[in-house]
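Colleague: Chain by chain, the residues run as shown.
There are 2 protein chains.
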Amino acid sequence: MTTNSAYEQLSKHFKKIHNLHHLSSICGWDQAAMMPAGGNEARSEAMAELAVMIHQQSTAPQLAGLINQAQAENLSTEQQASLAEIDRSWQQANVVPEDLVSAQSLAGSKCEHAWRTQRKENDWAGFAKNLKTVVELSREEASIRGQANNCSNYDALMDLYEPGMTSAQLDPIFDDVKSWLPELTLAAQEKQRSDHVIMPTGHFPIAAQQQLGLKTMQILGFDFNHGRLDVSTHPFCGGVASDVRITTRYDEDDFTQSLMGVVHETGHARYEQGLPKALNHLPVGQARSMGIHESQSLLFEMQLGRSQEFLTLLTPEIQKAFSGTDKAIYNPLNLSQCYTRVKPDFIRVDADEVTYPAHVMLRYEIEQALMNGDIEVDDIPELWAVKMQQYLGVDTKGNYRNGCMQDVHWTDGSFGYFPSYTLGAMYAAQFMTTIKQEMDVPAIITSGDLSPIFTWLKTNIWQHASLLSTNDLVKQATGEVLNPAHFKAHLQARYL
Amino acid sequence: MTTNSAYEQLSKHFKKIHNLHHLSSICGWDQAAMMPAGGNEARSEAMAELAVMIHQQSTAPQLAGLINQAQAENLSTEQQASLAEIDRSWQQANVVPEDLVSAQSLAGSKCEHAWRTQRKENDWAGFAKNLKTVVELSREEASIRGQANNCSNYDALMDLYEPGMTSAQLDPIFDDVKSWLPELTLAAQEKQRSDHVIMPTGHFPIAAQQQLGLKTMQILGFDFNHGRLDVSTHPFCGGVASDVRITTRYDEDDFTQSLMGVVHETGHARYEQGLPKALNHLPVGQARSMGIHESQSLLFEMQLGRSQEFLTLLTPEIQKAFSGTDKAIYNPLNLSQCYTRVKPDFIRVDADEVTYPAHVMLRYEIEQALMNGDIEVDDIPELWAVKMQQYLGVDTKGNYRNGCMQDVHWTDGSFGYFPSYTLGAMYAAQFMTTIKQEMDVPAIITSGDLSPIFTWLKTNIWQHASLLSTNDLVKQATGEVLNPAHFKAHLQARYL
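These protein sequences, in sequence, are chains C and X.
Our numbering applies: residue 1 is where the first sequence begins, and numbers increase by one.
Our numbering applies: residue 1 is where the second sequence begins, and numbers increase by one.
Bear in mind the hints are in silico, worked out from the structure with no lab data behind them.
Check before you lean on any hint, since a few could be wrong.
The list cannot tell twin chains apart, which means a pair is met if one copy fits it or any two copies do.
Unchecked claim - In the DSS-like style, the derived pairs of lysine-lysine whose C-alpha atoms are separated by at most 30 Å in a straight line are:
id	residue 1	residue 2
1	K16	K110
2	K129	K458
3	K488	K16
4	K387	K488
5	K215	K343
Could you put together the complete structure from these sequences and hints?
Modeller: Shown next as structure tokens:
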């Protein structure tokens with residue numbers, strides 16, 4: 001292949017787009033973790049300018065022709081996979097007209113901004129007004145993408161986050177979960193009724209929590225030569241693969257949330273750090289999907305972090321970090337009970353491992369019906385109340401703030417994202433089943449050297465980036481495509 | 001004027017360039033203050049890509065025509081000044097070809113990054129290899145600019161930092177300084193011989209130094225809603241006017257360097273924070289020159305910070321910060337003697353006010369000869385040793401780390417910058433002469449409310465940005481153009 005091949009030209013062009021994304025990621029991280037409030041106006045303008053430039057580069061007129069030409073070139077298997085992802089990326093950027101993108105951006109900003117106040121004021125009527133515009137525009141986008149992909153509106157949006165996933169696949173999976181989850185939740189609560197859990201009390205200084213977080217990241221193999229830990233209001237994993245920026249937030253009355261948050265974000269970070277360096281600049285070099293990304297953070301958090309063995313390993317570190325406080329909480333059994341407590345409640349982001357899927361499924365059903373035109377915005381509150389009652393036995397009637405107004409996702413039109421959370425939990429359980437067949441996971445965690453587990457993840461997940469479809473990736477790693485039975489078995493083993 | 005006027009179109013275009021500079025400043029700050037080493041390769045590439053885009057926007061084909069058209073438009077005085085700076089900016093950007101800009105950015109990043117390690121290891125040979133590439137590219141740039149401006153290579157580069165300044169003007173000024181500085185240095189040392197200065201000893205924890213620095217910034221009116229203090233190897237003032245990022249470095253054996261470094265960078269920061277917001281996005285809204293910028297940092301550091309009155313004001317804060325250490329050092333007279341101690345030594349950034357100009361003049365002579373092709377990179381160490389001996393009586397032979405490898409400036413090709421430091425010291429002394437004619441500066445400092453001084457600076461310097469030429473700015477503020485006699489008088493008054 002000559003250096004002037006269409007594929008090489010595409011590769012060079014996407015490296016440019018990658019460089020712009022790099023600047024956007026770092027400045028976005030800075031905005032959330034470093035920037036003083038007074039810097040926001042100028043920063044927002046600079047970021048908007050950059051977004052326009054990224055859009056221009058992603059829709060450059062020569063790309064369509066180059067993709068066509070490259071498809072006729074003699075490409076290696078890797079290059080074919082790369083070209084497929086370039087094509088996918090091009091389709092995504094080009095199928096939606098620019099004025100719709102612009103209208104969505106404006107409506108999303110307006111709705112999200114007003115939501116911050118409206119949520120506090122429980123103002124559903126005010127929120128619904130803005131949300132209707134967002135929904136209208138998202139339906140338009142979904143319809144355009146659906147026609148291009150020959151699928152339903154909702155599936156076209158879900159495909160942005162979870163390539164290849166369809167409602168036809170997901171509906172029976174979630175139907176199955178719904179058939180056993182409410183019962184399992186009740187049984188877990190019943191089993192835990194006699195536990196005497198000592199919740200953390202006392203003053204846990206931020207500096208000590210930070211040191212504990214860094215120590216935990218070290219145990220989890222975070223590469224500090226290619227990343228950092230900082231603070232932001234909403235924890236996230238940002239930056240770029242060569243320099244992954246994770247954040248947490250500290251509560252000086254309770255270290256447990258921040259600590260497990262760090263474990264979660266470290267899972268995201270190690271996936272990014274483990275992506276093949278040579279492909280970092282190409283679409284095929286990115287993480288496979290949001291669900292697979294979440295599978296890594298949840299494998300770290302739920303499969304490793306909340307295990308009795310990991311908490312046993314961490315106990316001396318926790319004792320050292322908070323040496324001045326009451327020691328009763330710092331025994332592995334109590335920590336494990338803190339971290340596996342099941343309690344149906346209002347808020348998704350605070351939910352335990354068992355009730356979390358219920359929060360996701362109710363959102364999935366509502367946003368699916370909303371995008372496919374089966375319901376309207378005005379129907380959301382009642383549906384929410386009915387499903388919360390049905391799945392979790394929680395009454396949210398009239399409590400919009402802690403009900404259908406609690407999440408940021410819908411405010412800017414990110415319909416189709418929610419399923420990724422539970423798909424991630426399912427993939428994580430499935431990966432761990434295979435890992436446990438290949439090695440003695442409890443013994444490895446106990447030893448303090450978790451590298452055999454990370455080597456498995458690198459070999460089977462991280463290094464493949466987007467070179468394989470999700471199905472092929474999962475099948476190659478575990479011998480079967482997504483099988484939610486592993487998630488059910490994990491919950492039963494831990495909670496029954 | 002209609003909104004479609006050529007001037008308005010230029011204004012809009014330069015706002016776009018300003019936005020790109022914003023991204024570059026923040027990512028550059030991050031690279032120096034936050035980024036782990038492993039992130040450098042990808043960051044350098046992204047920054048190089050951005051530099052190319054800035055260059056493309058700065059050389060957009062329509063600009064020449066728009067500038068011509070705008071010159072015929074009916075513009076206000078402010079707009080005329082703005083257009084002149086747009087023209088200057090255009091000229092600067094358009095004479096250098098794009099591939100040279102890109103090569104310089106890459107070579108500079110590489111050289112600067114390697115220098116961080118090479119300096120520690122006293123590795124001149126390794127450093128020289130990278131520096132030669134940087135020098136070669138800078139000469140190419142200097143030659144192109146020199147031809148366009150009809151001046152010497154070196155003057156063409158100096159003009160980037162100090163618009164209007166030439167070697168023909170500066171050589172006699174520096175020759176004059178050379179005629180009296182060595183003698184004044186000896187006389188000052190002689191006078192200080194009998195002083196019993198107690199130098200700081202003990203452990204000064206970074207956290208306590210940081211708190212002291214923040215408190216000092218508060219006294220100096222730093223706006224924390226539009227800026228931050230962080231740590232980097234080489235202290236600097238970066239970021240953007242709406243979000244100024246200053247850095248320092250801490251030595252736990254001696255707090256005095258870091259403290260006065262913070263005072264210095266705060267001077268830079270207040271100039272940036274005091275620039276007129278409405279003009280931030282235009283070339284005319286930027287600081288007038290590096291020399292004027294340095295005049296603000298040196299007015300803060302040398303004229304205010306090292307005064308007996310300011311150190312008296314800070315003494316209780318210093319005592320509070322380091323309550324566990326020996327108190328003998330913390331009296332204003334002793335602090336003042338610490339901060340005005342004259343001692344010829346290796347390091348420019350650690351140099352006292354009297355010997356500092358010698359460091360600058362030797363660099364000026366070397367970089368001038370280097371850019372004009374009179375010497376080569378390999379000649380630097382010997383020239384350095386000879387001049388250090390001649391001006392300061394200091395032996396630097398073989399000590400590259402504390403000799404010609406001590407500064408960051410040459411690593412990324414910032415030749416022509418050094419004179420600005422001493423020009424700044426001269427302007428600062430001249431401004432302070434005028435301020436003292438208008439108000440009782442010692443009494444104002446003693447009161448703890450320094451705002452009358454800052455109001456003078458805002459009124460006479462900051463708010464004018466680049467609306468006036470350097471000569472007009474200085475003349476309007478002090479009644480005369482640059483007059484180095486004020487600097488000499490200041491040194492004589494303080495040290496003889």
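Colleague: Enumerate the violated hints, using their earlier numbering and listing them in ascending order.
Modeller: 2, 3
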